[in-house]
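Colleague: Sequence:
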Amino acid sequence: MMEICFVCTGNTCRSIMAERIAKKKAKERKLKDIKFSSCGVNAKKENITENAKRVLKELGYDARDRKSVKLRNIKPNVLYVAMTSALKQNLGKKCISCAELFEDVMDPYGQGEDIYRITARLIEKNVDVLLNKIESMRGER
Numbered sequence: 001m002m003e004i005c006f007v008c009t010g011n012t013c014r015s016i017m018a019e020r021i022a023k024k025k026a027k028e029r030k031l032k033d034i035k036f037s038s039c040g041v042n043a044k045k046e047n048i049t050e051n052a053k054r055v056l057k058e059l060g061y062d063a064r065d066r067k068s069v070k071l072r073n074i075k076p077n078v079l080y081v082a083m084t085s086a087l088k089q090n091l092g093k094k095c096i097s098c099a100e101l102f103e104d105v106m107d108p109y110g111q112g113e114d115i116y117r118i119t120a121r122l123i124e125k126n127v128d129v130l131l132n133k134i135e136s137m138r139g140e141r
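Residue numbers (my numbering): 1 to 141.
There could be a bad hint or two in this list.
20 Å max Cα-Cα, derived EDC-like pairs, lysine to aspartate or glutamate [stated by the list, open to error]: (1) K23 / E135; (2) K23 / E58; (3) K30 / E46; (4) K44 / E58.
Computed spacing ranges between beta-carbons, pair by pair [as the list claims (entries may be wrong)]: (5) R117 / R72: 17 to 25 Å; (6) N47 / R72: 18 to 26 Å; (7) A99 / L31: 35 to 43 Å; (8) D33 / I74: 17 to 25 Å; (9) G92 / V69: 17 to 25 Å; (10) P76 / L31: 20 to 28 Å; (11) G112 / D33: 14 to 22 Å; (12) M2 / G110: 28 to 36 Å; (13) Q89 / D114: 26 to 34 Å; (14) E113 / P76: 36 to 44 Å; (15) K93 / L31: 20 to 28 Å; (16) N90 / G110: 15 to 23 Å; (17) D33 / D128: 13 to 21 Å.
Worth flagging that the hints you see were computed from the coordinates, not collected in a lab. Beta carbons are placed, not taken as given, at the ideal position from N, Cα and C, and that holds for glycine.
All chains, please: the whole structure from these sequences, using the hints.
Modeller: Quick look at the structure:
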């Protein structure tokens, strides 16, 4: 079982969107042995933002409420995917940034629904690259 955890600042927008997008895309690709999660370095048990929920629902992803989860420690058998290169610097060796996949994903918090939609589409591209790499490493592509 492979574990991948998406990390952002508050775990109310980007990382939870990435988790939900990755779960659906992996299921569509029949990649059943990957566990996805998300957390935030400054998470405060807040709900996913309304704009994130609206955009996830619009794009066909799970849009249920969930309280944000704080990153407490780096687990040795988990691959962490930081939403930005700057965030990666705080997380250590077991981490890659979205910039290493496709492009950093900037924080849409407090912005309009259009920015969240752009953010979701960028996350989709990063997730596609990540899943392509996993399939390639496994010889499935």
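Colleague: Does each hint fit the structure? Answer for all of them.
Modeller: Status of the hints after comparison with the structure:
{"no.": "1", "hint": "K23 / E135", "in the structure": "holds, 15 Å"}
{"no.": "2", "hint": "K23 / E58", "in the structure": "holds, 16 Å"}
{"no.": "3", "hint": "K30 / E46", "in the structure": "violated, 32 Å"}
{"no.": "4", "hint": "K44 / E58", "in the structure": "violated, 26 Å"}
{"no.": "5", "hint": "R117 / R72: 17 to 25 Å", "in the structure": "violated, 31 Å"}
{"no.": "6", "hint": "N47 / R72: 18 to 26 Å", "in the structure": "holds, 20 Å"}
{"no.": "7", "hint": "A99 / L31: 35 to 43 Å", "in the structure": "violated, 23 Å"}
{"no.": "8", "hint": "D33 / I74: 17 to 25 Å", "in the structure": "holds, 22 Å"}
{"no.": "9", "hint": "G92 / V69: 17 to 25 Å", "in the structure": "holds, 18 Å"}
{"no.": "10", "hint": "P76 / L31: 20 to 28 Å", "in the structure": "holds, 22 Å"}
{"no.": "11", "hint": "G112 / D33: 14 to 22 Å", "in the structure": "violated, 38 Å"}
{"no.": "12", "hint": "M2 / G110: 28 to 36 Å", "in the structure": "holds, 34 Å"}
{"no.": "13", "hint": "Q89 / D114: 26 to 34 Å", "in the structure": "holds, 30 Å"}
{"no.": "14", "hint": "E113 / P76: 36 to 44 Å", "in the structure": "holds, 39 Å"}
{"no.": "15", "hint": "K93 / L31: 20 to 28 Å", "in the structure": "holds, 24 Å"}
{"no.": "16", "hint": "N90 / G110: 15 to 23 Å", "in the structure": "holds, 22 Å"}
{"no.": "17", "hint": "D33 / D128: 13 to 21 Å", "in the structure": "holds, 18 Å"}
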